[in-house]
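Trainee: Chains as they are written, first to last, in my numbering: chain A, 1 to 316; chain B, 1 to 182; chain C, 1 to 433.
Keep in mind that the hints were calculated from the coordinates and are not lab data.
It is possible that some hints are incorrect.
[Said to hold, decoys possible] Label pairs and their calculated CB-CB ranges:
{"id": "1", "chain 1": "A", "residue 1": "Glu106", "chain 2": "B", "residue 2": "Leu102", "range": "13 to 21 Å"}
{"id": "2", "chain 1": "C", "residue 1": "Phe42", "chain 2": "A", "residue 2": "Arg225", "range": "33 to 41 Å"}
{"id": "3", "chain 1": "B", "residue 1": "Leu102", "chain 2": "A", "residue 2": "Ala48", "range": "23 to 31 Å"}
{"id": "4", "chain 1": "A", "residue 1": "Pro214", "chain 2": "C", "residue 2": "Trp311", "range": "30 to 38 Å"}
{"id": "5", "chain 1": "B", "residue 1": "Arg116", "chain 2": "C", "residue 2": "Pro318", "range": "29 to 37 Å"}
{"id": "6", "chain 1": "B", "residue 1": "Leu102", "chain 2": "C", "residue 2": "Phe15", "range": "17 to 25 Å"}
{"id": "7", "chain 1": "B", "residue 1": "Ala40", "chain 2": "C", "residue 2": "Leu405", "range": "37 to 45 Å"}
{"id": "8", "chain 1": "A", "residue 1": "Gly313", "chain 2": "C", "residue 2": "Glu4", "range": "26 to 34 Å"}
{"id": "9", "chain 1": "B", "residue 1": "Leu124", "chain 2": "C", "residue 2": "Cys335", "range": "23 to 31 Å"}
{"id": "10", "chain 1": "A", "residue 1": "Ala272", "chain 2": "B", "residue 2": "Leu124", "range": "58 to 66 Å"}
{"id": "11", "chain 1": "C", "residue 1": "Phe42", "chain 2": "A", "residue 2": "Ala267", "range": "54 to 62 Å"}
{"id": "12", "chain 1": "C", "residue 1": "Leu325", "chain 2": "A", "residue 2": "Lys103", "range": "53 to 61 Å"}
Virtual Cβ for every residue (Gly too), placed ideally from N, Cα, C.
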Amino acid sequence: ETTMTFSHFVPTGHRVHAGAEMWAKSIEEASGGDIKVRIFPAQQLGKAADHYDMIASGQVGAGWFVSGYSPGRFPIIEAGELPFLMTDAATGARVLHEWYAEKAREEMPEIRFCLFATHDPGRIHTRAKVETISDLKGMKIRPASASVGNYLAALGAIPVKLAAPEARQGVERGVVDGVTFPWNTIINFGLAEDLVHHVDLPFYVPMAMYGVNPAFYENLSPENRKVIDDHCTPEWSERITSDWATWEQDGRQELEDIGGHTIVTVAPEDRAPWVEKAQGLYADWAAQVDQRYGDGAAGPMMEDLQARLSQAGAGF
Amino acid sequence: MASRSIFAVLERVADLVAALSLALVALVTAAAIVLRAFGANLPDAIDFSSMLMGVMVFWAAAVAFRHDDNVRVEFLGSVAPPPVRLAIRVFANLVTAAFMVLMAVAGERQFALVLRSREVTPELRFELWPFAAVAWAGLVLTALMAVALALGWFSSRHRRSAPGDAPGRPGHLVGQGTLHGE
Amino acid sequence: MANELLAPVGFAALFALMVLQVPIGIAMAIVGFAGYATVVGFGPAMSVLASAPIRTASDPALALLPLFILMGVAAFRSGISARLFDAGLKTLGHWRGGLALSTIAASAGFAAICGSSAAGAATMTRIALKPMRDSGYDEGVAAATIAVGGTLGILIPPSVALAVFGILTEQDIGRLFVAGLVPGILAVVMHMGVIAIISRVSPESLPQGARFGWRDRLAAYAKIWPIVLIFLLVLGGMYYGYFTPTEAAAMGAIFTLAIGVLRGQLPIREIGGALVETCRTSASIFLILIGAVMFGYFLAVTGAPHMIAGWIGTLDLPPLVILALILFGYLILGCFLDSLAMIVLTVPIIFPIIQHLGFDPIWFGVLVVITIELGLITPPVGLNVFVIKSMETSLPLGAIYRGVLPFVGMEILRLALLTAFPWLVLALPNSMR
Ligand code: NA
Ligand code: NA
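The task is simple: from the sequences and hints, build the whole structure.
Mentor: Shown next as structure tokens:
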């Protein structure tokens, strides 16, 4: 019997915790109780930004981490964070998994990449109404990540970085005029009272994933290794992400039910100006990957990814 | 004594690095507020000020060891007879020095990790490793000061609290903030 | 050995190292490291030792600590404490126990700009002890007044202790600061009440002083307006949401330095000295925080906190009784332990229980800080008393502790009041947006 410690950095009420519990239960059952999974939530074992290294060093057997917390370290997977890459996170997670699994061996050699566990594409939520890009000019928005911040700056907004616990205070006290989050998080973080305008344009997905410590994996019996392999598949990427994404999507309906909320939907034919503002980020990504992996490396990677996403019906 | 003057110089350097880092943290934070009021963003403000804080803490810690200014529980020190008190203090300083050396060794791992990771700040994409290097240097200096303190290399003139001193000096007792340079 | 049993062993080792005078932060780090290596392995423990110190030292949430400390140091170096004492004296000096009342008033004013308790006690020792002695005050009562006045520093905002509580529990630090205001003012009133009672009971120990006219008073007030301004800037800025607590701290520090320089109270070259002093103080605080983080990881992997929280959950006691037991535990611990170490060691274990019982986290934070503050003046390890004693070695410890006693009684009464009427703490923060 082996115990696998699994660490993440959000409170137990968060959907990430539910996803980890679902995954852990399935592993325990599939191994006939041979692998016990002990989940440590809420940074009990380490800071959010250290989770990749915690998995790599064997502080934990497995864990959930966000690659975007270490810009520049995993240049290829930064593609997944680019605005307007995918419309559907669950399908997108499966496609990304198929695309990235091989590349992860090179880009994340210290861990065993396991699966993507991310959320429904995030939207812009504001205090004042936003119908066009020009409405965003000068608005102070708390971005979900650095790359979202760069995109907001390209739109003419002012990205104001606030730590997660400061986000709510920042909104309540008017330090920021809006945030980027998926739907239900707005309600869950208590932001729905202030942020009553929403731009329904699915534009970003953070790159959050599970990793497994290699030594932990090697020390397992062949049968148990297979159990882990079976739980680190594109299908599991889709399943875990779908659970979170569905929960987030329910938030849209809930906001409409609460009343007093205005949701401005950007129709597919009106998306061009929004998408155009992200082109610089795509170029920056390509330049970065080319610099690390040789000229001309980025182009085919991106084409391949976009083709796979379109084929699966999750492309933009 | 030559070694004494070397430590005096190192102390001044440590004070300077720490004080400059702290001044920059205050200025960067204030500049971010002012710019925000004018509708502009100071790129990577939080990232830079966080890294400067790390530099400040590790270099200032070196000075804390130089002056034996760490927060201790003085209970036994106030009741034990002087020879026992001295023995306890020597023991404590040796244990502390050994651990600080281990921490400095571990610090090299952290620096190597940042160097290898090629991590950058999110907006300006400024490389992080120089900050990690400066912070680690502060940690090495801190370990050096801890060793020097444990081996009794500092003359008591430079210590605010020699082993035999009366207990209850603000220097060791103050958890909420010491008043230095009084 | 079961991992859960390693937790009490770790605590025992920690207390042994602390009694043997290993610095508190280092002691926590050593036991945390050794315990983690026992449970998880030496390699992973080295990784924790590599990352935890720098992650803690560069945690953006902690940036407000050195900035608030800088604000207090700058105010202190600008001589604000003497001017506060003078203003208090001109207003209250002619009452019975006037000098003691002035000491409390000046301590409260200094607390409004300085987040530390010992700093307040040290500065008032230098300023108020001699006048009180010269006027024939009872030494014990005089020193006790200073020690008690110092405790205001960690309740009246800004407060290092409340900020650390907020960071550990992910509570809004601005809200915590605002919540400390009314209990702080209540403390001032009650301490003054104690002085009034003592001066009635034994008039010879607290003689009366001269009365000053309004002209003198206004002249004294004119010298303390900057502190009022900065306090309003910092607290108002957070209350109305102009800045985050970190930004408020930066603004407070810069304005305090600037006003000191512009009014000629702080020579420009002194800025360097203020920065150096702040860095040294911050380093000793951060060493404690780093040690606590490492000890916390060790405790987490033993599974003990989880077990304790579960056990308390099964206790069949009314929530208020559990709360009272917890506060009583803090009171006892406070007799021996450093207050910051106490917060960082215990709050992560206790806080989930408090949340589970349904108590307001802000209210609990204020209660904990008041209880810990009490520990600063109680024997055998009363930090503020030691600070005064170290500066005036001729003062007998016993006399100071005797002088402190009536104030301790009043503090317990205040704690009971705030426990019985949570709105005293919560009305102000709940009115914030
Ligand atoms: Na204060
Ligand atoms: Na005490």
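Trainee: Now tell me if each hint is right for this structure.
Mentor: These are the hints, each one checked on the structure:
1. A:Glu106 - B:Leu102: 13 to 21 Å: Since Glu106 (chain A) and Leu102 (chain B) have Cβ atoms about 33 Å apart, the given range 13 to 21 Å is violated.
2. C:Phe42 - A:Arg225: 33 to 41 Å: violated (25 Å)
3. B:Leu102 - A:Ala48: 23 to 31 Å: Holds: the Cβ-Cβ distance is about 26 Å, inside 23 to 31 Å.
4. A:Pro214 - C:Trp311: 30 to 38 Å: Given a distance of about 37 Å, which is inside 30 to 38 Å, the answer is holds.
5. B:Arg116 - C:Pro318: 29 to 37 Å: Violated, at about 56 Å.
6. B:Leu102 - C:Phe15: 17 to 25 Å: holds (22 Å)
7. B:Ala40 - C:Leu405: 37 to 45 Å: The hinted range 37 to 45 Å is violated for Ala40 (chain B) and Leu405 (chain C), with Cβ atoms some 57 Å apart.
8. A:Gly313 - C:Glu4: 26 to 34 Å: 50 Å Cβ-Cβ, so the 26 to 34 Å window is violated.
9. B:Leu124 - C:Cys335: 23 to 31 Å: This hint is violated: roughly 51 Å between Cβ atoms.
10. A:Ala272 - B:Leu124: 58 to 66 Å: Roughly 29 Å apart at Cβ, these two residues miss the hinted range, so it is violated.
11. C:Phe42 - A:Ala267: 54 to 62 Å: Between Phe42 (chain C) and Ala267 (chain A), where Cβ atoms are some 59 Å apart, the hint holds.
12. C:Leu325 - A:Lys103: 53 to 61 Å: For Leu325 (chain C) and Lys103 (chain A) the Cβ distance comes to about 56 Å; the hint holds.
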